[in-house]
Amino acid sequence: MTYLRALPGLALAGLLAAAQTPAQRAALDVVEKQAEPFRQISRQIWENPELGWQEKQSSALLRAELEKHGFRTRGFDAMPTAFVAEWGEGRPVIGILGEYDALPGLSQEDAPERRPRVAGAPGHGCGHNLFGAGSALAAAAVKERMQALGLKGTIRFSGAPAEDCGGGKLFLIRAGTFRDADVALPWHPSYFNAADDNPYLANISARVRFRGTPAHAAGAPEAGRSALDALEVMTHAVNLLREHVPQETRMHYIVTNGGAAANIVPEFAELSIIVRHPDLEELARIWERVKKCAEAGALATETKVEIEVSSAYANFRRNAVLRDLLDRSLRAAGGVRYSDAERAFIERIRATLGARELPPLERAAEVLPPKTSLSSVSTDVGDVSWVVPVGHFTAATMPPGVPLHTWQSTACAGTEIGRKGMMVAAKTLTLAALELFEKPELVRQARAAYEEQMRGREYRSLLPAERRPGQTGH
Numbered sequence: 000m001t002y003l004r005a006l007p008g009l010a011l012a013g014l015l016a017a018a019q020t021p022a023q024r025a026a027l028d029v030v031e032k033q034a035e036p037f038r039q040i041s042r043q044i045w046e047n048p049e050l051g052w053q054e055k056q057s058s059a060l061l062r063a064e065l066e067k068h069g070f071r072t073r074g075f076d077a078m079p080t081a082f083v084a085e086w087g088e089g090r091p092v093i094g095i096l097g098e099y100d101a102l103p104g105l106s107q108e109d110a111p112e113r114r115p116r117v118a119g120a121p122g123h124g125c126g127h128n129l130f131g132a133g134s135a136l137a138a139a140a141v142k143e144r145m146q147a148l149g150l151k152g153t154i155r156f157s158g159a160p161a162e163d164c165g166g167g168k169l170f171l172i173r174a175g176t177f178r179d180a181d182v183a184l185p186w187h188p189s190y191f192n193a194a195d196d197n198p199y200l201a202n203i204s205a206r207v208r209f210r211g212t213p214a215h216a217a218g219a220p221e222a223g224r225s226a227l228d229a230l231e232v233m234t235h236a237v238n239l240l241r242e243h244v245p246q247e248t249r250m251h252y253i254v255t256n257g258g259a260a261a262n263i264v265p266e267f268a269e270l271s272i273i274v275r276h277p278d279l280e281e282l283a284r285i286w287e288r289v290k291k292c293a294e295a296g297a298l299a300t301e302t303k304v305e306i307e308v309s310s311a312y313a314n315f316r317r318n319a320v321l322r323d324l325l326d327r328s329l330r331a332a333g334g335v336r337y338s339d340a341e342r343a344f345i346e347r348i349r350a351t352l353g354a355r356e357l358p359p360l361e362r363a364a365e366v367l368p369p370k371t372s373l374s375s376v377s378t379d380v381g382d383v384s385w386v387v388p389v390g391h392f393t394a395a396t397m398p399p400g401v402p403l404h405t406w407q408s409t410a411c412a413g414t415e416i417g418r419k420g421m422m423v424a425a426k427t428l429t430l431a432a433l434e435l436f437e438k439p440e441l442v443r444q445a446r447a448a449y450e451e452q453m454r455g456r457e458y459r460s461l462l463p464a465e466r467r468p469g470q471t472g473h
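The opening residue of the sequence shown carries number 0 in numbering that gives the first Met the number 0; numbering runs sequentially from there.
Treat the hints with caution; some may be incorrect.
Said to hold, decoys possible - No more than 30 Å apart at the CA atoms, straight line, and that leaves these computed lysine-lysine pairs for DSS-like:
1. K151 x K32
2. K55 x K438
3. K32 x K438
4. K67 x K419
Hints listed in this document are in silico derivations from the structure and should not be mistaken for laboratory results.
Construct the entire structure; sequences and hints are all you get.
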């Protein structure tokens, strides 16, 4: 396959237009025609960032707009900021996923220098304002084309809260949202355009609490049982364990409470730990060993230990059929081209990233080959991929080289730079979903690929069954 690389804007646009079929051009025209309200919503969500489980305004804006487009909507008593919007009936059921939660501490003006809108407040450093609005725009465009073409089936938008701090999609799975779905199509903001063939990392996040006996650290140390000593034994054991786990494993922790004063034997100590691995089942085995490290700390110091799992994500189950579908849909949608004013803004933003080498700006106009290298991050989309065939891709909502979860990415998510990438995502989702409705054999092939991957395996979330929405977080 030949990939389009670093061509001048007009030449690239011409090649992409030539690659589009009349049906694709008609669908892309619908996306453009319906875009403005969703572009405004993306900005409104950006201006009013809400943390996970608190996205009341964000979810309400998206839900109300989809209702204007004729979608039936329903919410969840246990998750007030989650909702499902559907149009059509029968099969196939094609799901489009959207997120809209913000990150703590990343408040930022749409400016190329660090300038918080509200000091210490949240901000959309992961671009979820674009994720939610772009996916909802795609759902609305697909509905209009289905209606015009007389296509049978159901288009379903799932509004998922708390991806960055709570695994909202795990609770959508528990609520049966994907039980009857044939395919689910999420995407994510990034600094490049590519279909995703990346397994990501399964992870488990927990708080480990040790409780001991206080005493005067100098006058009666023998009477004390140090919770901090227990914590230190655990972390030493974890660091020794690093040599004896698969090399792709990641284990990282912080001490959140180490005691009250140096002259008091600590009665209480706590750490927050995250363990990751590319395979959910292998992660479960590693986690059992980490728990033994905690138990060893308690045993060695005659203290008590409590382990509270706060979130857990599965790795992503790749689907070659949907990967290829998204790759060709991305190529028909095209990449992002910046105006002179935007390029000037971008150069100022990129100048704040230090002296490291950055990809050329033309990278945003390209559609790269499917990304296959292992990513060291995690996403609750992974859990969805264990229960339904999932295709995933990224779109360039920020300039090449700008990392997620930074003030720089927050700034871009509020500008036309971010919205241009959002439009690429909406167009890609629209083309991919329509092709699935028009070609039922693709749905069957995606299901067959999913079932082959799941042969002999069963989804078992590492998140305890008693956990409830809103309790989760790192």
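Verification of the supplied hints:
Restraint check for K151 and K32: satisfied, since their Cα atoms lie roughly 23 Å apart, inside the 30 Å limit. The hinted pair formed by K55 and K438 fails the criterion: a straight-line CA distance of about 37 Å is larger than 30 Å. Our distance criterion of 30 Å between C-alpha atoms is met by K32 and K438, whose separation comes to about 25 Å. For the hint linking K67 to K419, the alpha-carbon distance of about 24 Å falls within 30 Å, and the restraint holds.
Of the numbered hints given earlier, the model fails hint 2 alone.
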